[in-house]
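Peer 1: Protein chains in written order, with this note's numbering: chain A, 14 to 126; chain B, -13 to 100.
Just to be clear, a hint being listed does not mean it is correct.
[As the list claims (entries may be wrong)] List of simulated lysine to any residue pairs, SDA-like, C-alpha gap at most 25 Å: (1) B/K87 with A/H54; (2) A/K24 with B/P26; (3) A/K107 with B/T58; (4) B/K92 with B/N(-1); (5) B/K92 with A/E72.
[Stated by the list, open to error] Chain B is faced by these chain A residues, among others (derived, beta-carbon under 8 Å): (6) Y61; (7) Y63; (8) G71; (9) S74; (10) F103.
Think of the hints as simulated: they come from the structure by calculation, not from any bench. We put the CB at the ideal spot given by N, CA and C, even for glycine.
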Amino acid sequence: DAGITQSPRHKVTETGTPVTLRCHQTENHRYMYWYRQDPGHGLRLIHYSYGVKDTDKGEVSDGYSVSRSKTEDFLLTLESATSSQTSVYFCAIKGTTSGNTIYFGEGSWLTVV
Amino acid sequence: DAKTTQPNSMESNEEEPVHLPCNHSTISGTDYIHWYRQLPSQGPEYVIHGLTSNVNNRMASLAIAEDRKSSTLILHRATLRDAAVYYCILRDVPLGGRDDKIIFGKGTRLHILP
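The task is simple: from the sequences and hints, build the whole structure.
Peer 2: Written as structure tokens, this is what we have:
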């Protein structure tokens, strides 16, 4: 258990509304990641962070922004949600033991109607 | 980033060994080979990793080819609970740099037949 908590776990929102997903970790890890998972696409990297206020884009960053003002929190924001952003979102952290194992949160199910 | 290639899906019978292949022909000398699996409605979880030598743990074994261009995850006796998507990825440990994108891909969906 890497102490990762995602919130909310489930959310239904309307098209055009802003949505923020939170990833919270208790282990003081430097690297944090946001992925989305859709049928037929596997896990796709949205954004990642390598420290406070240091973030970078992943494979599918359009329509998403992130912020990391504290080590323990990595926020993913959909500025204006669209139906194509209906997905399961996973947060992950990179551990510091041999091989830098990756640990995932339990996921946030987002439906945009 | 070095990429991996895995079959989209595989089937195996319960209580038989399963060999899940992964090709990584562009692997670099500092890349670790990691395997993760994702059970239904859960986040992916770590299975095993290795660099050059074969590795064993309580979940599985990892066999790495001598040229490191391929590897095989071995489940010695599959159970129905092993039905999942298995991801093979390469992990380079950056020398303090920031660039550490971790790309997963689609993985192999393993079906276990009772």
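Peer 1: Taking the hints in turn, state whether each one holds.
Peer 2: Hints versus structure:
With a C-alpha separation of about 17 Å, the suggested pairing of B/K87 with A/H54 holds against the 25 Å cut-off. At roughly 19 Å between alpha-carbon atoms, A/K24 and B/P26 fall within 25 Å of each other, so this suggested pair holds. Restraint check for A/K107 and B/T58: satisfied, since their Cα atoms lie roughly 23 Å apart, inside the 25 Å limit. For the proposed pair B/K92 and B/N(-1), the alpha carbon gap of about 23 Å is at most 25 Å, so the pair holds.
For the hint linking B/K92 to A/E72, the alpha-carbon distance of about 14 Å falls within 25 Å, and the restraint holds. Using the Cβ-Cβ criterion of 8 Å, the hint placing A/Y61 at the interface with chain B is satisfied: the shortest such distance is roughly 6 Å. Given the 8 Å rule on beta carbons, the hint for A/Y63 holds: about 4 Å separates it from the nearest Cβ of chain B. Given the 8 Å rule on beta carbons, the hint for A/G71 holds: about 6 Å separates it from the nearest Cβ of chain B.
Proximity of A/S74 to chain B is violated relative to the hint, the smallest CB-CB distance being about 11 Å (cut-off 8 Å). The interface hint given for A/F103 holds, since its Cβ lies 5 Å from the closest Cβ of chain B, which is under the 8 Å cut-off.
Consistency note: the structure conflicts with earlier hint 9 alone.
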